[in-house]
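J.: Keeping the supplied structure of chain A fixed, place chain B upon it in accordance with the hints.
2 protein chains.
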Amino acid sequence: MATRSTIMDTNSFRPEMAAALDPQTRRLTEEREVLGPAYRLFYRKPVHLTKGRGARVWDADGEEYLDVYNNVASVGHANPRVVDAIARQAGLLNTHTRYLHENVLDYAQDILSTMPGELDRVMFQCTGSEANDLAVRVARAYTGGEGVIVTAEAYHGNSALTSGLSPALGTAQELGLTMRMIPTPDTYRLEIDGCPGNACPAAEFGAWMAGEVRRAVADMERHGIRFAALLADSIFSSDGVYPDPAGYLGPVIDTVHELGGVWIADEVQPGFTRTGDAFWGFQRQGIVPDLVTSGKPMANGLPTSLMAARHEVLEPFAGSIPYFNTFGGNPVCMAAAQATLDVMRDEDTMGNAKRVGTVFRRAVEGLMADHPCIGDVRGAGLYIGCEIVVPGTKEPDQATALDILETLRMHHVLTSVCGRFGNILKLRPPLVFSEEDVDMFMDAMAVTLRELGL
Amino acid sequence: MATRSTIMDTNSFRPEMAAALDPQTRRLTEEREVLGPAYRLFYRKPVHLTKGRGARVWDADGEEYLDVYNNVASVGHANPRVVDAIARQAGLLNTHTRYLHENVLDYAQDILSTMPGELDRVMFQCTGSEANDLAVRVARAYTGGEGVIVTAEAYHGNSALTSGLSPALGTAQELGLTMRMIPTPDTYRLEIDGCPGNACPAAEFGAWMAGEVRRAVADMERHGIRFAALLADSIFSSDGVYPDPAGYLGPVIDTVHELGGVWIADEVQPGFTRTGDAFWGFQRQGIVPDLVTSGKPMANGLPTSLMAARHEVLEPFAGSIPYFNTFGGNPVCMAAAQATLDVMRDEDTMGNAKRVGTVFRRAVEGLMADHPCIGDVRGAGLYIGCEIVVPGTKEPDQATALDILETLRMHHVLTSVCGRFGNILKLRPPLVFSEEDVDMFMDAMAVTLRELGL
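Chains as they are written, first to last, in my numbering: chain A, 1 to 454; chain B, 1001 to 1454.
Just so you know, the hints here were simulated from the structure itself, not pulled from any lab data.
Please note that a few of the clues may not be correct.
Stated by the list, open to error - With a cut-off of at most 20 Å between alpha-carbon atoms, the simulated DMTMM-like pairs for lysine to aspartate or glutamate come out as follows:
(1) A:Lys51 / B:Glu1102
(2) A:Lys51 / B:Asp1061
(3) B:Lys1045 / A:Asp84
(4) B:Lys1045 / B:Asp1061
(5) B:Lys1051 / A:Glu63
(6) B:Lys1354 / A:Asp244
(7) A:Lys45 / B:Glu1102
(8) A:Lys51 / B:Asp1084
(9) B:Lys1394 / A:Glu102
(10) A:Lys45 / A:Glu63
Isolated chain A, as found in the complex (with noise of 0.2 Å):
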C-alpha cells in the first residue's frame, strides 16, 4: 500500500492536463503561473466557478454544480443575511480591537454561550493556522513542555509552527523537533485485542488511543522533551473521518492530563454544528478541552477564526506576552460572525446535518451491496468519508477513488478525498444541504459508477 507524498496532490490539476481543456480554462491555468508553484487546482478539468447560493454554484458558462465539499460556505454560498451584514459594517466603521467595539463582546459572549462553562475566555485571529499558532504557544506556557501529539494524518495549519504539525502535507515537509505522532484511529482496519475498531466499545478503543499517547509521551521523555499539548480534531477529517465510537476521547483526555498536557481541540472540521450530536465536535465525544480553536465555517468565508481557553490556562501566555491581531476581531468580520451564528441558529443548522446527515449517510451505504469497491461508510452529520477500496479487501484503492470523484465532477457534483492513502471519498457539503441534494448526489453516483463498471 503506497502512499503519496502529500495530501494535497491528490486531486489536483498538472499542466500536462492543459491540452484537454477549452481555451478559457486553459488560459485560466496558464496566468495562474504567476501564483508560483504551490497552488493547486482541484480536478483534471479545473471548475471555473462564478457565482454560489446554498449547496449549489454555477460555473463561468453557467452550469450548475452540487457542492457537496466546502465547509467555508457553512450557511451557504453567498447567504444573504451574512451578505447584508458584511456591506452594513463595513459601511459603517471597520478598525481593531485597541478601539471599544460592541461587535467583538457580543460575538465573543455569544459563541462562548455555545461551550461548556470551563471555557470563558476567547481570542480572534484570521486563520484556522494562526489560531493552531496561538493555542500551542498558549500550551507551551501554561504546561512549561514543548512537546505535540497529533495523529499520524494530521493537517492543523501552514505557519512555521503549525506545519511542523501536519505530517499531510507529505515528507518534503520537516516535522517539529518535539512533536510527535501516534496512529490514525482507524477504526475501519485496526484490530483491537482482535475486535474490528468499528465494533469496538468506546472504552476500549479510547484505552487504545490512551496508550498510543503514553507511548509517544514516554518517547519524548527519553528525549528530554516535556509534553505540553494534544492537538486533534475530535472527527479527525485529514485522517479519514473517524468519529465513532463516541465517547472513545474520554479516556485519551484523561491520559492527556495525567501526563501533564492540555488537549487543544482543532474544531474547524468537526465544529459549528458540522456533526448534526453537538455545537462542538468535543462535545460529541462528551470531553471539555483545555484550548478550543477554529477558523473555516465561523463567518460564511471571511477570513476569520478564534481561540477558546479555560482562563487559567490562557492566563500565563496571555498575561505575559503581547498579542495583537490586527484584523483578528474586527467589526466586519466579527459582523459575519454573528449573522453566521444567527444562521446557525434560525435555521437549526444542526438539526438539519443530523436530519439531512443520516438520510445521506443511509443512502451511501446502501450503495455497499452492490458495489463492492465501497468498503466502509461512517461519519457524523453531515461529515461523511467514504472508503474506496479493492473489492473484498480493505485495500486502498487511490486511483478508483480519484477516478469516482473526477466523474461526479463530470456530472457536476463537487468532492474530494481525504486519509493517508487518499482513498477516502470526502462529503462535507455546506450545512444547508437539503434531502434534495442528497437525492442530486446519488443520481450523479449512480451514473457515475455505472459508468465506471464499479
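T.: Leaving out everything else, chain B in the frame of chain A:
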C-alpha cells in the same frame, strides 16, 4: 534611559483607570475580560468608535475624531468603492484558490505591475504575520540557512516564528535561537565617524549598517548558523521611523547578497504609496528585494496579505512544500484589494501622501523652535515620527510623549507612539489625509502643547 518591557503597553488603558470612566465605557472595558489579558485598549480613556469616513471617525456619542494613526483604512474609513466591491463579490461567490477565479489572477498581475520585473510571483495570505512567516520559510529553503537578521526594535508578526523575530514584543517574548539583531538605524542619535546620522551621506550610513550585518552574520557562523535573510521594513517604523538618508539600504542589500542571504522587504508599513515617493518603500531606497510582504493597507481592512517573490527564490519552497491558505486570495478579499488599488491610482494617493505629507511634516517641524520638547521630526510622505525629548538633550521623554497623545485624544485627535523608548509620536493617517486635516491636527497640537506647558 529606561526601556519598557513592550511597545504594546506604552499607550494603553489599565484597569485601575476604570473609575474615571463614564458608565458605558466602563461597562465595555469590563466586558473585555472575556478576551483574556492579552488584549490592550488605547488610551487612559478608551475610545468607542462606531462610524468612519475618510480620515474621520465618530464615537458612540457622535463626537468626531481625526484619525492620524490608522494605516489599515488606507483609502479612508468605509471607502464606498471598497465597500461596494466587497458587497458585490460577497453576494456572488466566495471560495478558494483551488477553483479558477479571475479576481486572484487579475489582482496578482496588477499588483506585480507596481513592482520591479524581477518580482514576478505573488502568493496571498490573510495577515502580515502569515506573509512574513511564509517569507522566512521561503528564504530558508532557498538559502539552506536558518539565520535571520532584524533590527533591534522590529516587529514582524504574531506567529510563533515571527514573534521570535520581533524584539519589539519585549523581554517576555523569547527571541528565536537562530536570529540576530542589528542596531536601530537611529539617524537622530547615532554618529558615524563623528558625523551625526541625519547629516550623513547615504553611502556612509549604509556602510555602517552593512558593517553591522557583517558582524551579525559572523556571530551566526561562530554558532554554526547559516545566514538566510535580512527581514526589515525600509522605513523602520517600529524602531522609530528612519527613512533617510534615502538610498542607505543599497550597500546593505549588496552585503546581504554577498553573504549568501536574501532581503525580505516587510512593506506592511511603507508600502502602498505611504511614503509619497514610490508605490513601495524599497523603491524609495533604490533596492530590489528578493521577497516582499505586505498586509494592513492592502484591502482597506479585510484580512488580506501578500508575499511577492523572485521566481527563482520561491522555487525551492513552493516547488516541494505544499502551501494552501483557505482564505488567502479568495474572491471577496481580492475584490477588496483590487478596489483599494484602483482608488490608490484614481485618487493618486501617492501624490497626496507626498503633497500633504510634506505640508504636514513642515508644519510639525515648525513647532520645534518654540517647543524644545520636540527634538526631531522625520518621515516620508504620510508617515511622520516626532521625537519627544528632555529639552536641550536627546534624552527620550516617554512620559511627555504619552501626555501629548492622551491630551490630543481629549481634543479628538488619534495618534500613538513608537520606538525603543516609546517617546516618538507616530503620525500615520489614512492616505486620503487632507491639508484641512493637517490644520485640525495642528490646532489640536497647539492647544495640547499649551495645556501641558511645553
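J.: Hint by hint, note whether the structure agrees.
T.: Here's how the hints hold up against the structure:
1. A:Lys51 / B:Glu1102: The given pair, whose Cα atoms are some 12 Å apart, holds under the 20 Å limit.
2. A:Lys51 / B:Asp1061: At roughly 41 Å apart (the allowed maximum being 20 Å), Asp1061 (chain B) and Lys51 (chain A) break the hint.
3. B:Lys1045 / A:Asp84: Answer violated: Lys1045 (chain B) to Asp84 (chain A) is near 32 Å, above 20 Å.
4. B:Lys1045 / B:Asp1061: Roughly 14 Å between the alpha carbons, so the hint for Lys1045 (chain B) and Asp1061 (chain B) holds.
5. B:Lys1051 / A:Glu63: violated (41 Å)
6. B:Lys1354 / A:Asp244: Violated - the C-alpha atoms of Asp244 (chain A) and Lys1354 (chain B) are around 63 Å apart, more than 20 Å.
7. A:Lys45 / B:Glu1102: Holds, at roughly 16 Å.
8. A:Lys51 / B:Asp1084: holds (17 Å)
9. B:Lys1394 / A:Glu102: violated (42 Å)
10. A:Lys45 / A:Glu63: holds (14 Å)
Of the numbered hints stated above, those contradicted by the structure are hints 2, 3, 5, 6 and 9, listed in ascending order.
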